[in-house]
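Put chains V and X on the given structure of chain G with help from the hints.
Chains as they are written, first to last, in the numbering used here: chain G, 1 to 461; chain V, 1 to 461; chain X, 1 to 461.
Derived from the structure by calculation, the hints contain no laboratory data. Be careful, since some hints might not be right.
To be verified - Some, not all, of what chain V presents toward chain X, calculated at C-beta under 7 Å: (1) 113; (2) 115; (3) 127; (4) 150; (5) 171; (6) 192; (7) 196; (8) 239; (9) 303; (10) 315; (11) 319; (12) 322; (13) 369.
We treat Cβ as the ideally placed atom computed from N, Cα and C, and that holds for glycine.
Residues per chain are reported as follows:
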Amino acid sequence: MNRNSSNTMALAPNTSNKRETVCIFGTGDFGRALGHKMIQSGYPVVYGSRSTQISNLIPKGAEVLGHAEAAQKAAVIIVAIQRQHYNFLTPLAEVLHGKVLVDISNNLKLKQYPESNAEHLAQLLPGSKVVKGFNTVSAWALQSGTLDASRQVFICGDDVEAKQMVMNIVRGLGLTPVDKGSLLAAQEIENYPLQLFPMWKFPILLSLGLGLFFFFYSLALDVIHTYIYENNNFSFFIAITVPNRVFPVMALTLLGLVYLPGVFAAIIQLYRGTKYQRFPDWLDKWMLARKQLGLIALAFASLHAVFTLVTPLRAFASWRTSKQIISLALSNETVPLDHTNAWLSDSYLAMGMLGFFLFVLLGITSLPSVSNSVNWREFRFVQSKLGYLTLILCTAHSMIYGGKWFLNPSAYKWYLPDIYMLSLVVPCAVLVVKFVLIFPCVDKHLTRIRQGWERKPRYSE
Amino acid sequence: MNRNSSNTMALAPNTSNKRETVCIFGTGDFGRALGHKMIQSGYPVVYGSRSTQISNLIPKGAEVLGHAEAAQKAAVIIVAIQRQHYNFLTPLAEVLHGKVLVDISNNLKLKQYPESNAEHLAQLLPGSKVVKGFNTVSAWALQSGTLDASRQVFICGDDVEAKQMVMNIVRGLGLTPVDKGSLLAAQEIENYPLQLFPMWKFPILLSLGLGLFFFFYSLALDVIHTYIYENNNFSFFIAITVPNRVFPVMALTLLGLVYLPGVFAAIIQLYRGTKYQRFPDWLDKWMLARKQLGLIALAFASLHAVFTLVTPLRAFASWRTSKQIISLALSNETVPLDHTNAWLSDSYLAMGMLGFFLFVLLGITSLPSVSNSVNWREFRFVQSKLGYLTLILCTAHSMIYGGKWFLNPSAYKWYLPDIYMLSLVVPCAVLVVKFVLIFPCVDKHLTRIRQGWERKPRYSE
Amino acid sequence: MNRNSSNTMALAPNTSNKRETVCIFGTGDFGRALGHKMIQSGYPVVYGSRSTQISNLIPKGAEVLGHAEAAQKAAVIIVAIQRQHYNFLTPLAEVLHGKVLVDISNNLKLKQYPESNAEHLAQLLPGSKVVKGFNTVSAWALQSGTLDASRQVFICGDDVEAKQMVMNIVRGLGLTPVDKGSLLAAQEIENYPLQLFPMWKFPILLSLGLGLFFFFYSLALDVIHTYIYENNNFSFFIAITVPNRVFPVMALTLLGLVYLPGVFAAIIQLYRGTKYQRFPDWLDKWMLARKQLGLIALAFASLHAVFTLVTPLRAFASWRTSKQIISLALSNETVPLDHTNAWLSDSYLAMGMLGFFLFVLLGITSLPSVSNSVNWREFRFVQSKLGYLTLILCTAHSMIYGGKWFLNPSAYKWYLPDIYMLSLVVPCAVLVVKFVLIFPCVDKHLTRIRQGWERKPRYSE
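Next up, chain G with everything else stripped away, as it sits in the complex (with noise of 0.2 Å):
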C-alpha cells in the first residue's frame, strides 16, 4: 500500500482487537513509542517491568506486569532492554521458551561487540526463537506519526515461523517488512542505522577539495588579475561568473574520473594477463565510488547549465550588451554576420546540450527503481555506450569553447592556463587510453582475458 494510505490508515484506530496480545519488556523510550503505535494499530499490548507502578509512564490501554507473567500473555515478546541488561533475562529462559523474542537494540558505534546483540541475545537464551528488527526505525517518527523516510522495516532471524510472525505485526503497523535472511545478518542491520552516506564521504571530499582549488585558480585569473592589470573591479563575478567556470571544470574532471579507473583496470589486466587477481585497493575503493562521483558530476553540470541560461538577465551583461550596441551606432557601422563565429558558437552549445541531456539520462537510469528494472546488457550498454558518447561530447564542448584561444598568449594570464584548459586534462587522457583500448587487437585480448583466459595458465605445478 502506498505510503499515504498508510498514513491515513495509521491516524484511525482499528478498534476490531482482533490482534493478539505483544508483549514489550522495558519502558524506556522506545518501547513506550513502539506500544503506543501498536495500540493505535488494534494490538493488546503488555508490558514487562520491574515494578508494575509507574503505569502512568507507559501508553493508555496497555497492561503492566512483572516479566514473567507478562511473557506469559503473548507468543511475541519485544526486548526492548540495552545489550548490557540482557543477563538478566536468563533466569526466565524457562518462560521465555519457544517465545518470539525481537531484538530491537542499536549500538552506540560501529564494532562496539564482536557479536550482533542479537545473537548475544540468542546465544542466552537459546530455547527462544530470536528476531531482529525494528531497530532502523526512528522512535520519534513512530510516536508522531511522521515516518515521511522509508517504511522498511529490516528484519532477520533463523526461525521461518517466527520472523512471518514479526513481519505481520510489522505490515500491521503500516509498514513494510523486508526479509534479509538468518540471523547472521543482523550485524549488518545494527549497523545500518549509523551510518551517514558512508559511500559519499570520499567523492565529496574529492569535489570540494578540487572545487575549492578551481575557485581560486578563476578568482586569480579572472578577478584579481582583471583588477591589477586592467583596473577593472568586477569582484561581483564572485557570485555567477567565478562559480560557473568552476562547475562546468568540476562536471567533466569528475566525469572523467568516473571512467579512469576502467581504464585503468584494463591495463593492468592486460599487463598481468588475467583476470584473476584482485586489483589493488585504491583501485578497488574508486571503482566502488563512481557512481558517487558521478552523480556529483551532474549536479556541476546542472548548476552549470542553470548558471549559463541565466546570463541574459544579469544587470552585467544588460550593460554589456547595450555598451556594445551603442558603440557600433555611434560608429555608425553595419556588421555583417561572422559565419565561423556562428557555426563554433552554435556548435558547441549544441554540444553541451546534447551531452547534458545525455548526462541527465544516465543520472535517470542510475535511479534505484530504474536500474532495477533493467538487465545487466542493457545497464552495460546505457553505461559505458552513452556514459563514453556524454563524456565525448562535453569534452568537444570544452574543446570548441576554447576554440582559438589554445595558441593565443593572452590566454595564459601570469603564464597559466585558462582553467578551461584544465579541465581537459582528465577526459582526454581517458578518451586517448580507450580509443588504444578498443583497437581490435588489444580489444580481443582483454575480452579473452575478462572470459577467464589467462596468459600464464597457473596448472603448471
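Coordinates of chains V and X only, in the frame set by chain G:
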C-alpha cells in the same frame, strides 16, 4: 522481471499447460477478464456458473460447469461474485472445505460494511482458506494487456500456504504479488482502489486558495493599477508576468509552511515539558501533509525558474531592451557599470539558483525508491539540514530581489505592500523561531524531552 | 539495506565462518567468480571437479574434491556447468537426492531449447530440488564487487524450503532475492539477461525515421531554400536552429501517437459493440508501446526547451538583435509596443511552459517507484486527464506560434507547408475524435461497453 519483459511474455501464450487448473465462480466482467488473462498465461480455467448455457460469453478455452463440479476440479477458486450474493456459497461449504477461496471483490464506497468482504467470506465458510487479492487490478487493463500502471497485487490471508498458491498465480500472470499479512489487512486492501490522492486533497486546496488570492493581488497591483494611474495597458502580463510573480510567492510560502509545523511542535513540547502527549489534531494532520506541501512548493519553484529563464524570448522584453538602448544611443551617453546593481543582480540570481538546486535535490530524495535506500539518520540530515539551507537561500533570494524597494514609498501601490513582501512573512517567521530554538540552552532542553525526559514525571501517585 | 552499505559490507570478509558450506560443480568463469564472492562473504566453498589437480585456478580458501565427495559436504549445490553436459550428473542421482541444485545457466539465444535449462535439470534428477537463480548476475561484476546495476537476483523453484535456502545465500552475498514463483518461471528468468530493451525497439526506430524525415524537411526549407532564393548561407543552422525545429515537431507528433491508439480502440469497440474481442495485432502492440513513445516525446520536448532557452546566448541572436536595434536607432524611430504581438508571444510561451511542466509531471509518475505507489484510479486520472491537458496545451502552443502564418503564402516555400504545420496533424486528429467521444451519448455507450455490456449478446445459440 521488469514490466517490459512481462508485457512481451504476456503476449506469447504459454502452451505448456503444466499449470494447475483454476476455478472462477461468476461470469461477470472481472471474472471473464481474469479468466482471459489466465488462459493466455497457460492456466486451465473452469467457470462455476448457475447456468452452463452461457458458454460463449466466457473466454475461449474455458470450461463451464455447475458450481460444485467446477470447485472440485481446482484447488484455488476465484470468487468473482458480489458480496451480497456470498450467502449462496454456504450450501457449498462441504465442497469448498479446505479449498483456497480468493476474494477479489471491491466496494462502491469506503466503510460500506462493518467488516471487509474477505473477512465476511471467511466467517461464512470457516472451513475454507480465504485469501484477499486481485481487487486492486483493473479488469480493463487485464483484458487489454496494457498494464502500464502498478503491476503490484496486494495479497493477504491467514493461511501461509494458501497465500503462496495465490501469489504463484499472480506471478504466473506477469504481476508482482505483495504480501500484506493476515486477513485483517483485507479492509485496507479493499479501500485502496477507492482512493484518489487522499493525502493531496488539503495541500492542493490550500495551494489553489493561496494561488488565486496572490494572482488577483498581483493582477490588481501590476495590471489594473498601471492601467488606471499610468494609462498603460499591460493586459498581456496575465500570460507570463503575473504568473511569474505568483509562482515564487507560492513556492516560498509553501516551503515555509513545510517547516512551520515542526517549529510549532517544538514550542508545544517545550511548553508541556513532555513529548508523551498527542499534538492537537490540526498539527498532526499538517505534519502528515508536509511532504505534499513541499512537492507543490517545488512545482511552483520550477515554474518560476522556467518562466524567468524565458524572459529574454518575450516580445515585450526585446521591445523594452531596444527602447532603452535606443534612448541611450540617441542621447549620446555612455553609461558606466553600476557595481552595486551588478552585485545585487548577480547575488540574488545566484541565491535563487542555488536554492532551487537544493530544492530539486530534496525533491529527488523524496522519490520512494531513493528515500527507501537511505536510513533515518541520512533522511533527517537531508530533510532538516538541506531543507533549512534551501529555505534560507530562497528567503535571501527574495529579500535581495526586493533590495532597496522595501523602504521606497513608490513600491506601495494603493498602500499595499508588493507581493514579494508577502512571500517573506511565513519563511521569516519560521527562520526567526528556529533561530531561537537552536540556541544551546533551548536546544539541549528540547533534545532531552525528545529522548523521553519529562518535566513533571508522572510517577507522582 | 541500501546498495551502498552492502558494498562496504562486501569488502570486509566475514570471518565468522558460521555460514554453511556451499558446493559448486564446475570451475568455469562464473563458477569461480561465484566462489570468490561466497568465500569473501564467509561461506566455506567446496568445488566438485573431474580433476582435483587444477587447484590453483580456483579461489583461495576453497576446497576441490571429486563431484560425489564435494556434493556430500553441502546441502546446496551450484550447478555451474553448461546444459549440454547436464547428462553427466545422472550417475550422481543418488548422491544428489534431496539436495538443492541451483541452476545458474544461461542460453546464448532466445528459444534455443524447448524447455528451460532448469526444468531440463529437474527432469534429469527428479529426486533433487532444483532452484533457478544467479543467472541474471554478471560474473565480472561479482568478481570486481562493482555491482552498480540491479542487485536483484531472480529465484524460482517448486520447493519452498529449497528456495528459502538459496534466497538466504543470495542475501548473504549482499544481493536482493526476488521470488518469481514456481520452476515454470525459469524460462522467463533464462530469457531475461538476453534482452536489450525489447520494448524500446519499435518506438526508437519510429522516432529515428520520423526524426530524419523532419530534419531533411527543415534543412530543405530553412537552409537550402534560403541559400538558393535569398542567397544567405545559414549552414550553421544545422547545429541549433534546424534541430530545434525538429524537436518540437517530434515531441508533439509522438505525444499524439501516444493517445491515438486509445482513440482507435474506442472506435473499434463502438463499432463492434463489445469489448470481448481481441484488438488487431498492430493495435495491441501499439498500445503496449505507448509508455515508451511518451518518454521519447518527453525527451524531445526537453531538448526543445533547452535549445530554445539557449537562444539569447547564440552569436547569431546577438548579431540579429544588434542589427535590428542599430537600424532602428539610425532611422531615429521610436517603436511603440505591439500589443497583439506581445499577447501572442507571451501566450504561446506560457502554453509551452505549462505544457512542458505537465509533461515532466507525467514523466515522473511513470517512474517505476512512483507508479507503484498510486492505485489504478489515481494512475488513470494522471495519465488520461493530465495527459490530454498536456496534449491540448502543447497543440495550442504550436498553433499560436504559427499564428498569422497559416494563411500567409510566404510561409509555403516550394509550396510545402512549414514544419510546424505538420506537427499539428496527429494531435489535432486525436483531439477532434476525442472531442466526439466525450459527447455524453457516445461516452455513455462506450462506458457501458467497457463495463461488459454487449450489443449482440452471444446467448443466441
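Status of each hint after checking the structure:
Interface hint at residue 113(V): violated, since its Cβ lies 20 Å from the closest Cβ of chain X, which is beyond the 7 Å cut-off. For residue 115(V), the interface hint is violated, since its Cβ never comes within 7 Å of a Cβ in chain X; the closest pair sits about 22 Å apart. Restraint check, residue 127(V) versus chain X: the minimum CB separation of about 24 Å is more than 7 Å; hint violated. The criterion of a C-beta within 7 Å of any C-beta in chain X is met by residue 150(V), whose closest approach is roughly 5 Å, and the hint holds.
The beta carbon of residue 171(V) is positioned within 7 Å of a beta carbon in chain X (closest approach about 4 Å), and the interface hint is therefore held. Because the beta carbon of residue 192(V) sits about 6 Å from the nearest beta carbon in chain X, less than 7 Å, this interface hint is met. Satisfaction of the interface hint for residue 196(V) is found here, the shortest Cβ-Cβ separation to chain X being roughly 6 Å, below the 7 Å cut-off. Here the hint on residue 239(V) is kept, as its CB sits about 4 Å from the closest CB of chain X, short of 7 Å.
A distance limit of 7 Å between C-beta atoms decides the matter here; for residue 303(V) the minimum to chain X is near 6 Å, and the interface restraint holds. Interface hint at residue 315(V): satisfied, since its Cβ lies 4 Å from the closest Cβ of chain X, which is below the 7 Å cut-off. Here the hint on residue 319(V) is kept, as its CB sits about 5 Å from the closest CB of chain X, short of 7 Å. Look at residue 322(V): its Cβ gets to within about 5 Å of chain X, closer than 7 Å, so that hint holds up.
For residue 369(V), the interface hint holds, the least distance from its beta-carbon to any beta-carbon of chain X being 3 Å, beneath 7 Å.
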